[in-house]
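J.: Residue numbers (the working numbering), protein chains in the order written: chain A, 102 to 749; chain B, -1 to 291.
Derived by calculation from the structure, the hints in this document are not laboratory data.
A quick note: this is a predicted structure, and the numbers were derived from the prediction, not measured.
Take the hints with a grain of salt, since some may be wrong.
Stated by the list, open to error - Each pair of labels, with its calculated beta carbon distance range:
#, chain 1, residue 1, chain 2, residue 2, range
1, A, 567, B, 236, 33 to 43 Å
2, B, 178, A, 570, 14 to 24 Å
3, A, 556, B, 236, 36 to 46 Å
4, A, 349, B, 139, 45 to 55 Å
For glycine and all other residues, C-beta sits at the position ideal for the given N, C-alpha and C.
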Amino acid sequence: MRTGVFVCWCGLNIGGVVDVARVVREVSGWPGVAFAQDYRYMCSDPGQQLIRDAVKRERLDSVVVAACSPAMHEATFQAVAESAGLNPYRCEIANIREQCSWPHQDEPDRATDKAVELVRASFEKVRGDEPLVPLSVPVTRRALVVGAGIAGMQAALDIADAGHEVVLVERLPYIGGHMAQLSETFPTLDCSQCILTPKTSEVGRHPLIKLITNSEIESVSGYVGNFSVRIRRRATYVNWDVCTGCGVCSEKCPSRTLSSFERGHAEEPAIAIAFPQAVPHKPVIHAEACRHFTKGKCGICEKVCPVGAVDFGQCDVLLEEKVGAIVVATGYDLYPKAQVGEYGYGVYPDVIDGLEFERLNSASGPTQGEIRRPSDGKVPKEVVFIQCVGSRDQEKGYPYCSKICCMYTAKHARLYKHKVPDGQPYVFYMDIRAGGKGYEEFVQQATDEGVLYLRGRVARVFQDGDSLAVFGVDTLSGKKVEIRADMVVLATAIVPASGARELARALKAATDQYGFFSEAHPKLRPVESLTRGVYIAGCAQAPKDIPDTVTQAGSAAAKVLALFSAERLAHAPTVAAVDEELCSGCGVCVDACPYDARTLDDRRRVAVVNEVLCEGCGACVVACPGGATRQRNSARSQMLSMVDAVVG
Amino acid sequence: MGYAYFPGCTLRGKARGFEKSALASARVLGIHLEELPEWQCCGATFPLQADNSFPLVSPARALASASKMGGRLVTLCSACYNVLKRTNHVMRTDADRRDKVNSFIEADYEGEVEVRHFLEVLRDDVGFETLARRATGSLADLAAAPYYGCLLLRPHDELAFDDPESPHILEDFLAALGCRVVDYPYKIECCGSYVALEPGEPASEPSRKVVESAKARGAQVIVTSCPLCQYNLDASQQGAGGRAARGVPVVYFTQLLALALGLPEDVLALENHLISPAPLVRSVRSMGSEVTA
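The task is simple: from the sequences and hints, build the whole structure.
T.: Pasting the structure below:
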């Protein structure tokens, strides 16, 4: 054995507490240590070169680097060892920063003793390390994108434009997401449909995008580069392959149901295309409203369809797709109505949310773009906008800021003022958060156009005759305010789309306490999930506006393309292995494995390891009653000698 | 249906009608209320200082004694309910304060009692549908405005009584009795609490707003479960301009219950009201049929 030990000062982080020189002195005396040296910043280029030179000069066969956590620089030093001609798995890290100098700043002597022990433990480990070779797996260069709002469409287009096939799955019958419901967008007030429809039609006709709408992810198995996805395509009761989208069925349908696209402010036939620009331009039968399904009669659509596309017997279909990467772009929902009792949300017809206002303001919406309130169709002359409903509310809502409400409320108030010049919009706000290019100017213009901003909360909204009494406070003047409003618009909090948690479970991806998908690092890895091969874009990760969503979607696509740039992927070889002589085939390891990497070979009656699925957590090693499972480079003998080094 | 029962001080003083009407109604409805032996004042307000556990002693003693009587404790007064339930929450969740209080009262109480308001008993055990069947119909079309105040609803995390922003238990109760429920914006606003007892106009303003808002929407009577709210709303209508003559009586929900069940007038103990409900009660009783308790 010729091991080299390299002790890092990390400036004063380690060197200010641990007596690095003493560590080097003590270590040098151990049999098997051929070389030991300290350096101020071992991760720097000269530090790395120092290791490389020593490996060659001293003919070292293994390396221990005493430095920061292996989470920071294990990969760096493994690469250094490899470039010097060593097997990278014969390089071990002793963490003498997070686990020594930082927590023991008050006791430098004992910290130094502990540093020596930690180095000893890593030294004992490296003696037993096998020279492993990384596993290599093929990559299926085909992506799945879940959700076809602006985030999912952008990611799908970017990946497909680079030449890779994309399976784009959308829960609704049409693509475009919430952006399709918006009337205008901030800060330029350009029409949402006008900037969206070029994207939806491009997605619809792109030869490399396989669009699967009215569908949900049923289950996901496999691992990075090799996922297998089961998709449930719910019955539309219309054979889309032959349907021409002519619309005769909708015209003749005698049943009506509330349109969810119009947020319940308009009716649509039981067989309908959600909106004129919908892609795919094909109808769906809403079974719960259809006479054929509810009463067993009717069938008019079936009779009038010129191509015989209506198919009442259609069933859900399960589709299997093989992909190498997954982008989650499941978007958002709005804060539930039942939780805003103080504003009569869901009780008073003229208390609406922001998306409902978008529909009232949309040229293709229920009022053809005229601002008319839902209860009686009157043009409202006093409109109160309330921001932060459910957001920034520790007590009964969510503590986070929903980020887009300041801007869209300013937009709503301005659009209202443009259409009803003699009307008065009021905005109750907590702070105006208009950080973004052109955003502050946009809000400023709102006040210039006569939008009255009141800094304070609204305590209660109450239906009084045909108007709404709004009780609030203006904290700048310190006065209570009571406004008789004709309509109230709530900027309700953005919450994760329903089903996001279930999807996260299927993907084994983490979510935060609210159900938003967690990124691998909040600053440095914002589009990767903690599960390799799974990426996040848009409001699935956190509330964000369209520009940020498009940026993130492009970034997620770039990550997917980087993954697809190689034909094979490397996987760490420090995984579980089975001694088949000792294995009794009891199957305890199968239950212990959180990654589905352990299975039983029924024919040979032994347990096996799917090395590519194995993350090397060691759960099965501990669980195995016969000691048949071991973990490569964390063998029992290595562990015991490490423990001896520390406590012996 | 058997419960340990905590009356509270005010119900033996100014709010006698609250208790008498409740006990008489409970008898008719088959709810057995057994008064806690040797109960003491609940303290009237829940202490907000986290390090002051002494005010928890009295309510904790009541809870510990209720745990020996079947574990279900009922109160009528909103303030008692608030203090008892919040104290129980502390005894359930805060081991340090629990140990301190237990060692003082020489008990081993861990919050196992279920504290319930009489309205909850009516809703969950009797059922408002049953109540509607038992009601004589004498309150038909009586315009009644529910008034919750604060103590019954907040803090929601600890009380979990009803939706603190849009409660409906009183409305459901009044509707079961046959009343026409008056909705108005001030039903969960504060009456001014102890501040209203200070002399002067500003102190009584919150109460006046409640009454005026209910009155403007046609309320013939305001219904509450808190003696302090009852007093404040009642008193705010007195004085300047002789408004008492046109005042709206403020009654306890149990008084309407007894009335709806056709119980005799003496169980209502109407003498403690400033705006007398007597004329209203008489006109109601002339419509209904009387049964004996």
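J.: Does each hint fit the structure? Answer for all of them.
T.: Here is how each hint holds up against the structure:
1. A:567 <-> B:236: 33 to 43 Å: holds, 35 Å
2. B:178 <-> A:570: 14 to 24 Å: holds, 21 Å
3. A:556 <-> B:236: 36 to 46 Å: holds, 38 Å
4. A:349 <-> B:139: 45 to 55 Å: holds, 54 Å
In this structure, none of the earlier numbered hints is contradicted; all agree with it.
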